[in-house]
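Student: Read in order, the letters of the sequence shown are residues -22 to -1, 1 to 520 in mature numbering (1 follows the signal peptide of the UniProt record, and there is no 0).
Source of the hints: derived by calculation from the structure; they are not laboratory data. Hints are supplied without guarantee of correctness; some may be wrong.
Claimed, not checked - Pairs of lysine-lysine residues, derived as DSSO-like cross-links and limited to a Cα-Cα distance of at most 30 Å, are as follows: (1) K22 - K154; (2) K504 - K95; (3) K147 - K341; (4) K341 - K154; (5) K22 - K147.
Being a predicted model, the structure only gives us computed values, none of them experimental.
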Amino acid sequence: MPSPAALCVFLLLALLLAAARAEDPYRFYTWNVTFGDVYPLGVKQQGILINGQFPGPQIDAVTNDNIVINVFNNLPAPFLLSWQGIQQRRSSWQDGVYGTNCPIPPGGNFTYNMQFKDQIGSYYYFPSLAFHKAAGGYGGIRVLSRPRIPVPFDPPAGDFTILAGDWFKLNHTDLKGILDSGNDLPFPDGLLINGHGSNGNRFTVDQGKTYRFRVSNVGISTSVNIRIQGHSLLLVEVEGSHTMQNTYSSLDVHLGQSYSFLVTTNQPPQDYTIVVSTRFTNPVLTNTAMLHYSNSNGVPAALPPPPGPTIEIDWSLNQARSIRWNLTASGPRPNPQGSYHYGQVNTTRTMRLANSRVSINGKLRYAVNSVSFVPADTPLKVADFYNIQGVFTPGSMPDAPSGGPAYLQTAVMASNMRDYVEVVFENAEGSVQSWHIDGYAFWVVGMDGGQWTPASRQNYNLRDAIARYTLQVYPGAWTAIYMPLDNVGMWNVRSESWGRQYLGQQFYLRVYSPANSWRDENPIPKNALLCGRASGRRTRPL
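Please construct the entire structure, taking both the sequences and the accompanying hints into account.
Tutor: Written out as structure tokens, the structure is:
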């Protein structure tokens, strides 16, 4: 008989082995970031390449996978990548925006260590510093369900990614210079689909099968609409949420948003046009790609190209309201999405956020509640961790519009872990606004024209509103969300119109837990880059 001590050692080893086997898989990447010549609109430009690719490599993962990406910055400027829609649970250290991370210096590297915890769906990454986003450096992220988790549609015969967005012939440095001089961006020169101009992409399909298309608007200034000649779009997922499976002839995709839909190739064997065009612009920009039936022999469809909406706002608003959460479908976990009854939880706080175009010191700026954001000399999360005074003040972002004159401020809204908040985005301007909140998904419970009032709550959807991470607010209108603050950290709330974001239409939401526990938030990574007033400090041991 083994001794009690030996038995204890054996049991401990068995538990450790079981834990090691149960750990979620790791996926490792090494990315080299460089400038390179690109010609998306027929003009030589300086683009940002990742491993020589434009757009960058796609990340394919499964729920709960650990993603380790070693990024080498070979640009002559500091660089960061951010991960649109990836929630970075308990770890805003990996978010990749200047409010949380010190930039990767020229010639340096940084390893992002993320977990796609409890997420499925369609996302993308992009460069977040300066105006790098206008130079490329973006790529798709596809997160599949775990094998035993039911998905509310049959496995598709193929899974395609479309990264669509506006593009300028001016280099990103010239666009940044325009903004720095106090002027607005010019009108875009064209649209790209996966880094190419018109007819630069072909998606080959077999007749009689069903395919999944994931579409993200990676542009910087305009909403787009997508449609496919002779085919319907069966919407199945929006930004990590399975939807009620409604059929659409076309879909509006606003800045920063992602959708995925199924297309059944039930038409005669020909080649069909995929059309992406701008919304709410004059003129309308258009780009096309080809849906190629493998047995078509290159015969174009004898149909007119599908027309799309142009400036119709009511059409877009009604479509947005029609997108609903699939309550019975599983999300990243086996339990149905609708098992979380978000509409039955009492909110603890209301925030009203009003965007505006302003002039400060004679220059164009954009503001939220009259505050136009300016970056600090030290990332806010880093300053908060080391308790460095004078970098920012919690509560410097007001909860509601003041109506007062606009001013510059490193704006941080204070909040507490486990608050359940109502946020109302108010847009008195004449253009569609698109907003993103890092670290979170939220329920879009209402949107309508006119001024929001407490009585507007009577028309909220408290049953099957879609949960997503980027929302639109129509001109002269409002959009309301419910959001549980269950992810401690420093999180960027920003306009997805990149010129507006750059000129101040953003702030940070500090979600605070007094417990200071690793249960609520991961410690600072050992490899964290330190800069500004944190230079020379140690990460660990503290």
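Student: Each hint: holds or not?
Tutor: Hint-by-hint comparison with the structure:
1. K22 - K154: Answer holds: K22 to K154 is near 18 Å, not above 30 Å.
2. K504 - K95: holds (21 Å)
3. K147 - K341: holds (24 Å)
4. K341 - K154: Holds: K341 and K154 sit about 14 Å apart, inside 30 Å.
5. K22 - K147: holds (8 Å)
Violated hints for the displayed structure: none, as all numbered hints are satisfied.
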